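Peer 1: One-letter residues, chain by chain:
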Amino acid sequence: MLIKRTERQARRGTLAGALASQSGGTLDRRSFLRRSGLAVGALAVVGALPLGSVRKAQAGPPPAAGAAVTRVKAICTHCSVGCTVIAETQNGVWIGQEPGWDSPINRGSHCAKGASVRELAHGDRRLKYPMKLVNGQWQRISWDVAINEIGDKLAEIRGKSGPDSVYWLGSAKFSNEGAYLNRKFAAYWGTNNVDHQARICHSTTVAGVANTWGYGAMTNSYNDIRNSKTMIIMGGNPAEAHPVSLQHLLEGKELNKANWISIDPRMTRTAAHATEYVRIRPGTDIPVIWGMLWHVFKNGWEDKEFIKQRVYGMDDALKEIEKWTPEEVERVSGVPGEQLKRVAKMFATEKPATLIWCMGATQHTVGTANVRAFCTALLATGNVGTFGGGANIFRGHCNVQGATDLGLDIGTLPLYYGIAEGAWRHWSRVWETDYSWMQARFASKQFMETPGIPSTRWFDAAMLPKDQVTQSDNLKAMMVMGHGGNTIARMPEAAKGMEKIELLVVVDTVPTTWAALSERKNGTYLLPCGTQFESRGSRTASNRSLQWYEPVVKPIFEAKDDYEIMYLLAKKLGFAEQMFKNIKVENNLPVAEDILREINRGGFSTGYCGQSPERLKKHMANQKDFDLVSLRAKDGPAKGDYYGLPWPCWGTPELNHPGTHTLYNTSLHVMDGGGTFRARFGVQRVVKQTVMENGVEVEKEVTHNLLAEGSYSVGSEIQDGYPEFTYAVLQKLGWDKDLTAAELATIQRIGGNNPGTVSWAIDLSGGIQRVAMAHGCIHYGNGKARANAFGLPDAIPVHREPIYTPRMDLVSKYPTLPNRREFRLPNVGFDIQKANVENKIGEKFPIILTSGRLVEYEGGGEETRANKWLAELQQDSFIEINPADASARNIKDGAWVWVDGPVGAKAKVKALVTERVGRGVAWMPFHFAGWFQGVDQRDKYPKGADPYVLGESVNTLTTYGYDPVTGMQEPKATLCQIRAA
Amino acid sequence: MARMKFLCDADRCIECNACVTACKNEHEVPWGINRRRVVTINDGKPGERSISMACMHCTDAPCAAVCPTNAFYTTADAVVLHSKDICIGCGYCFYACPFGAPQYPKVGNFGSRGKMDKCTYCAGGPEGDSTKAEFDKYGTNRLAQGKLPLCAEMCSTKSLLAGDGDIIAQIYKERVVKRGYGSGAWGWKTAYKETIAS
Chain U
0 MLIKRTERQA RRGTLAGALA SQSGGTLDRR SFLRRSGLAV GALAVVGALP
50 LGSVRKAQAG PPPAAGAAVT RVKAICTHCS VGCTVIAETQ NGVWIGQEPG
100 WDSPINRGSH CAKGASVREL AHGDRRLKYP MKLVNGQWQR ISWDVAINEI
150 GDKLAEIRGK SGPDSVYWLG SAKFSNEGAY LNRKFAAYWG TNNVDHQARI
200 CHSTTVAGVA NTWGYGAMTN SYNDIRNSKT MIIMGGNPAE AHPVSLQHLL
250 EGKELNKANW ISIDPRMTRT AAHATEYVRI RPGTDIPVIW GMLWHVFKNG
300 WEDKEFIKQR VYGMDDALKE IEKWTPEEVE RVSGVPGEQL KRVAKMFATE
350 KPATLIWCMG ATQHTVGTAN VRAFCTALLA TGNVGTFGGG ANIFRGHCNV
400 QGATDLGLDI GTLPLYYGIA EGAWRHWSRV WETDYSWMQA RFASKQFMET
450 PGIPSTRWFD AAMLPKDQVT QSDNLKAMMV MGHGGNTIAR MPEAAKGMEK
500 IELLVVVDTV PTTWAALSER KNGTYLLPCG TQFESRGSRT ASNRSLQWYE
550 PVVKPIFEAK DDYEIMYLLA KKLGFAEQMF KNIKVENNLP VAEDILREIN
600 RGGFSTGYCG QSPERLKKHM ANQKDFDLVS LRAKDGPAKG DYYGLPWPCW
650 GTPELNHPGT HTLYNTSLHV MDGGGTFRAR FGVQRVVKQT VMENGVEVEK
700 EVTHNLLAEG SYSVGSEIQD GYPEFTYAVL QKLGWDKDLT AAELATIQRI
750 GGNNPGTVSW AIDLSGGIQR VAMAHGCIHY GNGKARANAF GLPDAIPVHR
800 EPIYTPRMDL VSKYPTLPNR REFRLPNVGF DIQKANVENK IGEKFPIILT
850 SGRLVEYEGG GEETRANKWL AELQQDSFIE INPADASARN IKDGAWVWVD
900 GPVGAKAKVK ALVTERVGRG VAWMPFHFAG WFQGVDQRDK YPKGADPYVL
950 GESVNTLTTY GYDPVTGMQE PKATLCQIRA A
Chain Y
0 MARMKFLCDA DRCIECNACV TACKNEHEVP WGINRRRVVT INDGKPGERS
50 ISMACMHCTD APCAAVCPTN AFYTTADAVV LHSKDICIGC GYCFYACPFG
100 APQYPKVGNF GSRGKMDKCT YCAGGPEGDS TKAEFDKYGT NRLAQGKLPL
150 CAEMCSTKSL LAGDGDIIAQ IYKERVVKRG YGSGAWGWKT AYKETIAS
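Chains U and Y are the protein sequences, given in the same order. For the record, in the first sequence the residue sitting at position 970 is 969 according to numbering that gives the first Met the number 0, with numbers rising by one throughout. For the record, in the second sequence the residue sitting at position 65 is 64 according to numbering that gives the first Met the number 0, with numbers rising by one throughout.
For the record, the hints were derived by calculation from the structure and aren't laboratory data.
Result set (DSS-like, lysine-lysine): computed pairs, CA atoms no more than 27 Å apart in a straight line:
1. Y:Lys131 x U:Lys553
2. Y:Lys44 x U:Lys344
3. Y:Lys44 x U:Lys340
Note that the coordinates shown come from a computational prediction; the quantities given were computed from them, not determined experimentally.
Chain U with its partners taken away, still in its complex shape (with noise of 0.2 Å):
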């Protein structure tokens, strides 16, 4: 059961015995049991603390008698599908995990991660207190000498460097009050230096599909799917990332028949229960989507009435699918074009219809493109803004869209903002802080302005000559809050990156990849938090609900809430009264609910502004009142609105908005979560076009409409496209009037001598929205959406082949794009991928490297390794490779073998036979860590709280390319080679 999916190969040996050792004794059930659990283990390597100090994670179930069970309601902290968790405590103790059978979301339903969350707050692998690296070794410190130390080195490299060179990695662990003050405090830090996990899972799809529609986000919702007819799952493998989507995917294929289309390089556990499986060569996702769409538009499959009234820029994509015949898709991508021309007739004719993407299509330097694409596939067909239809994003980590939606990101401000003048201005004035004293705190305001360096490029910024990183000097600092080391592309760049900066914090639950991968001796500190079951808070799951949880027990051992060691380094850094302002400190800890106010004040761009922690928490205790496939409520006190009030949920909270479960659905009354496509484009656009003129071609200057065409939504006194809602607009239809006094007031005050350009954004008192909405516009305006995406840098996106491409005869005439600076650094791909070509890379290394998942590990793998009951199932590290590869290099099933990445890195990892991969490609978990190129480090890790299963990481062997809109990575198509160990 090592590698699980064989059952061949038994090496409990040598886990049986670490994890005897840690337990004090040989594994036999019953002593196993009265010493409950290996808290023993754990008690023993903090044996020499003072037992006061330390709350212990020990006693589990039965109930003891005479103590009362208390119940306590919370939210599954893994993937984004958000499964309500029932806990029952005892005296403090979690004891138990029952179905929590009134969430719409889960109906009690888990997966294995799920399942065993009770093991996080007993944490036999946790870190335990704070601790520092002397000299290479682990040593004990208390919190006050952490903060202190970490805060005086904080400043004095601020001093000699600037707050750029502070990097403040957060996390999608977050609760959205947690992300929320974390982009917080960079800005009072004085840097946008500041990023987490959605730029290398999703941030390609945030930048693809904001830039189509408006807002960057899964348009319908998990529950949404059971209506669908047809779905297409591309790039992603929700059976094990998201296992408890699979219950409404499952249910609604069975309920409508429905066509269940996987277009994948693995045949996935989720493929395996689909009708039809698409195999296709790694990084061609625009070849095939514009393959599908040549068969649409060759057979008028296409939905003319919705691309005339709603789409901007068809014709303009209608050039570039119109290279893509069925011989050039099958030369690029493998896919035959009849299966091809069967997918696509059942895409655009069995509707609804619904395109599911994950990391397969995001995580390449094409990722925005790819997105791009398939934006373009849904707006060609007309599926998106219905019912069962739409681009259903399914989100990584539990709050990954929550962490993004409040602009932990480089780029951005909370909710969407973005960083130029006007939105420092609102966000100043929602903190009540001085725009000029926040303008002080950053080295000009041009660094205020400018975009931050990605996260998956921190080392870079790091290690490169000083004058190619365009900020007063390099990275000094890693400020890593909740983030794995392992996650990130170039793994042997990283460790020496590593080395290099002066500064390492890592806030986490557990050590992580950051505290064992590199040679660091000293400057490193390890500061435990509490997992979001020792805390309170609201994350928004992938469907943009948002659900409020209580804690099931106190931070346990020494750990801390994110939000107290936050406000603890705000006091220390001198800037916590401000930041704090108007957020109640009880002891040291921020109280979330004021946190979630002060977003509900600022957040009106994207509809956070309605729910307040009185209305998610009348959700929360009323989930039986919510239906399974409309997530409205049906009875009860939340009557009509929609299960965790998806975001937009406009207006103040006292408007009673129901939250929008389908965005851009225009079959509803925006106050009942009906809207249009958002005119965030523009209302023209003038275009130099040749046109025919009594028969002489002329060049003429012709203006395109961006505003939808007879569409609106349900109610909507304007009937036709309308712009974006500024308080001149309203005064322009004579709407001005419906705004109450105190509104008004507040528009003026905004507005100062030009209250005209106060916009539906930035009125904080939410009036422009609500009398929008009570003539039944919505206030972000009536656009089209676009398939010409003007301003990105394929604009129509266009195939170009991965950087490390096997292909090498297609890199002429589908290249890499040029090489360019972004983001304050250099990218140089074009030169990697042109020299790849030169030096015949795809010969020597003709193996296309991908990865992805197992439904047992989440993300870096750092946790959830750590989790004895999932760390059982999944124990070593391995490398799936077709058989006809594995006999051609004879490699058996189940043997170590080399895989050598083609910059020099290497991995030791077990083989794994089987035809799930194709002829020339091999596949790698990437959770695992703790191996380095053959070198096992858990002697590295502070004793006692090393994660129980360690390997190899699939991102030592991934390589350079990134994405030109946003930084992604390039991990799901790269080369190797593999030989046998």
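Using the hints, position chain Y against chain U.
Peer 2: Just chain Y now, with coordinates in the frame of chain U:
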């Protein structure tokens, strides 16, 4: 009286292993013992299917028939349980079981494997219901609290069903009729000497 059974709908099982960790969590089952596991056939090929497996609590259980110490007994709900005080760890039941359910804490020959452990249908053992002694040996007794086995209750896709045999057979039958396919109630013929007509 209810006749408790398990049923795994292989057309729904996605091998997410929730049943496995739910069991580990509920009963604090140690590393190396798997009361429940998921087996996948045609792995990585078209037709790949997974099935969650544990003790099926058979009618006329073969484990009980071969036990030299009569450690097994069947409850009024038709759940097959055993006494760890009587078990001598001989391993006969492991050879008799068509589902590979019995597990042993140690590897070894006759008598040295330790007390046998297996799925209790979340119904504990011969000790008093929900006592510490019962928990230490057999885990939580959910049935005594009016709850069904946690593995089925937490199944991600409602593939694994637990409950009265007639009721879960009815649920499965309706599913098969609605969707038009079903590979059959896996293991029912062996365990319960019956199949579900669809």
